[in-house]
Amino acid sequence: MKDEPGLLPVLSIASGGWQGVSFRLQPGTWTVGRQEDSDILLVDAKVSRRHAEVVVADGEVVLRDIGSTNGTWHNDRRITEPTALRDGDRLQLGHVRLLFFDPAMATTDPVGAPLLLPARPAEPVRGAPGALVAPTQILETAVRSSGMRLAMLIGGCAALAGGLAVAYQIFQ
490 MKDEPGLLPV
500 LSIASGGWQG
510 VSFRLQPGTW
520 TVGRQEDSDI
530 LLVDAKVSRR
540 HAEVVVADGE
550 VVLRDIGSTN
560 GTWHNDRRIT
570 EPTALRDGDR
580 LQLGHVRLLF
590 FDPAMATTDP
600 VGAPLLLPAR
610 PAEPVRGAPG
620 ALVAPTQILE
630 TAVRSSGMRL
640 AMLIGGCAAL
650 AGGLAVAYQI
660 FQ
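Take the sequence shown: its letter number 131 is residue 620 in the working numbering, and every next letter is one higher.
Derived from the structure by calculation, the hints contain no laboratory data. Glycine included, every Cβ here is placed at the ideal spot set by N, Cα and C.
Distance windows between CB atoms, simulated:
1) Thr558 to Leu496: 34 to 42 angstroms
2) Thr518 to Ala654: 53 to 61 angstroms
3) Gln658 to Arg538: 39 to 47 angstroms
4) Gln658 to Thr558: 37 to 45 angstroms
5) Val510 to Arg538: 13 to 21 angstroms
Please build the complete structure, drawing on both the sequences and the hints.
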């Protein structure tokens, strides 16, 4: 794997201050967090100083939460034990989203669009009753109906118009 850098797994930041930055994961343990000496530094207040670890060994990549406050999310599920990563997996730490690509597995193209391969069976949702199973679950349920979306759009436009009217009065 070391001889072919193009075949090394890649972890790419998909949102946040470092959006677009990618890390080629050499074999070993990579620390992820807000602390300056982290191997993968994420600048986000919701990310713990030492949030997670990514272990690359024996052709496998494993993600492990190391006691973070806000949890580590893998494909919209909060992880509580070491989790093997597969090509195309989505991760979220705080408000930062990351994408995992493994060219050796090749189930996605280089920009992350899925190739036409048979789908993996869905994993059962685990967690305590009433616990969130996705980091955006609250937002999705709050604006699920189109009527609610329209009301939010109108409210946002009214707030914008009010702000513009105040700014106009101030600068007159």
